[in-house]
Structures are given as structure tokens and as C-alpha cells.
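There are 2 protein chains.
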Amino acid sequence: MKIFLAVSFTSKVDNEGNVNAAYRSDIEALIQKLEEENYEVYCALPSENWKINNQNPIMLLRSELKNLDDADIFVAVLDKTISAGVQLSTGYALANKKRIIQASIIGTKLGWANNALAGFENISSVNFEFYDELGAQLHELIRR
Amino acid sequence: MKIFLAVSFTSKVDNEGNVNAAYRSDIEALIQKLEEENYEVYCALPSENWKINNQNPIMLLRSELKNLDDADIFVAVLDKTISAGVQLSTGYALANKKRIIQASIIGTKLGWANNALAGFENISSVNFEFYDELGAQLHELIRR
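From first to last, the protein sequence lines stand for chains V and Y.
If you read the first sequence in my numbering, its first letter stands for residue 165, the second for the next number, and so on.
If you read the second sequence in my numbering, its first letter stands for residue 165, the second for the next number, and so on.
Just so you know, the hints here were simulated from the structure itself, not pulled from any lab data.
Errors might be hidden in some of the hints.
The list treats identical chains as interchangeable, and a pair is accepted whether it falls inside one copy or across any two copies.
[Claimed, not checked] Capping the alpha-carbon separation at 27 Å, the derived lysine-lysine pairs in DSS-like fashion look like this:
(1) K230 - K261
(2) K261 - K215
(3) K244 - K197
(4) K197 - K261
(5) K215 - K244
(6) K244 - K273
(7) K166 - K215
(8) K244 - K261
(9) K197 - K230
(10) K166 - K197
(11) K273 - K261
(12) K215 - K230
(13) K166 - K261
(14) K215 - K197
One chain only, chain V, in its complex shape (with noise of 0.2 Å):
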């Protein structure tokens, strides 16, 4: 079962494009989590090496929405900064009928639209407090 996995990235770089460490650290065993239960987990940290990479930002964007369109599962990561990347994946997820989990971290006052979604009866909702609980959050969701 393939994960598409949004999370925040450009807010979460230094001045050179690195993804910051600590914020690394989290999404890595987040993903080792996920890919121990056997996800197959697609996220465009690792997928450009955790660094900004301007150099073709349009095929990188097509390349993304290729991987969201062959995903079963559709996982937005949602923190107190509106992600711009994650919303637009979240509209598009939405348009092809994908299972979607918004997951949020603890304390995040969601927007109307993200607060709106959460009630549509194929979407789930999941608060977590540490990356590296998430991961058996969502498989928990998932094999319900």
C-alpha cells in the first residue's frame, strides 16, 4: 500500500535549502515507522535529498502529483504554519477521490477549510504529539 506523505517543507529550511536537522530527524522515523509496517511511502524530503532544489521546480511539481496519483493513501502532516505544498496536494487528493488522513499536530488551531475537510466522511482525523508516535498512529488508522 503506497503513502503519499505531505509535510511542510520550505518553511522548514535553513538559508542554504537544508531541511533543518531536528525536523529531519522527525520526518526519517517517521518514515521508518511507516515503512516497517510496509507502506511503500512516497514524501518529497528524501524523494529531492532535503534540500530545496529550484532548478525545475515544474518538473519536480509534476513528478509529485504523479506520485499522489498512484498513492492509496493520502497523509497531510498539518502544523501551526499553513503549508502552501500541502494544501494544494490536499485539494488535489481530494478532486481524485483519495482516502485522506489529516494529521495535526497537538495545539494546531486548524483553518476553516482543514476544520471543514476533517467532517467529510472520507477523511480522517489524527493529533499526535511526536513524529515518531505517528507512524503507528496511522497504521493503527489504516488497518481499522
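Dock chain Y against the given chain V, drawing on the hints supplied.
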């Protein structure tokens, strides 16, 4: 021809949820101009009486998406603050292969994803200074 006009909403209201007067008059001028050019325009703001209505966000969002399904052209107005709803509906429009126009206020630095989208062949971009001029700019772009 029907235009779905996606604009910031929740970041443009006062404490009681009413859309700020100056912003309302900007959007009214834009819609009026488009209607004068014989477009049918859907926009959440007038549709929801220029007020955040949290009574049934699920039904409201479903109704918005239905209007997007029915639209011929999707116009996203981007400003400095990222709108979760505008981004979500842009992704939805993209998956549904709508003709998309990204309109941004001069001086707005687009994020990675919107910048990449601007390079897609079925997506047009327009920069504007004043809302009352944007209507004419959109009409010019659409009839081309």
C-alpha cells in the same frame, strides 16, 4: 462562462467574522467588472454574505466544491498571506483539469508550489496592482 473566484477569506475578517470593508469593496468591484463582461462569477464571500459562518462548514465546503466542479475557469487571487482555502481549491481545480489563472498582487512572492504551477502549460498568471483593474486584465487574458 462561469468563473470560480478563490480569494482569501478568514484572514480578512474582523473579530465578529465580517469581511473588512476595504477588502469587501475591492472584491465587489472585481466581481462587478467580471459580471459586466458577462461572466457568471461564484465567490464564497458574497455567497456567504461577507461573513464567516461556522454553522455548517462541511455543507458549505461541499457546496463550494460543487461550484468549482461547475466552473469553466478557476481564478486564484494570491496575496502575501497564504490562504489554506485558496490553495486547497487550486489543487482541486488542478486535478479536475480546469483552466487556472493565478492572479497575484504586485510584490507578492509566490511560494515554491505556486511558482512551479505558474510554469504549467494550462495555467496562466496575471499580476495586478488594484482589484478594480484585475477584472479587465482577466477578461483580456481569457478572451485571448
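We went through each hint and held it up to the structure:
1. K230 - K261: Result: close both inside a copy and across copies, 15 Å intra and 14 Å inter.
2. K261 - K215: Result: close neither inside a copy nor across copies, 30 Å intra and 30 Å inter.
3. K244 - K197: within (24 Å within a copy, 37 Å between copies)
4. K197 - K261: within (26 Å within a copy, 35 Å between copies)
5. K215 - K244: Both ways: K215 and K244 sit 21 Å apart in one copy and 24 Å across, limit 27 Å.
6. K244 - K273: Intra 7 Å, inter 20 Å, cutoff 27 Å: intra and inter.
7. K166 - K215: within (23 Å within a copy, 40 Å between copies)
8. K244 - K261: within (26 Å within a copy, 30 Å between copies)
9. K197 - K230: The answer is within: 24 Å in one copy meets 27 Å, while 38 Å across copies does not.
10. K166 - K197: within (14 Å within a copy, 46 Å between copies)
11. K273 - K261: within (25 Å within a copy, 31 Å between copies)
12. K215 - K230: within (20 Å within a copy, 37 Å between copies)
13. K166 - K261: both (15 Å within a copy, 24 Å between copies)
14. K215 - K197: within (22 Å within a copy, 43 Å between copies)
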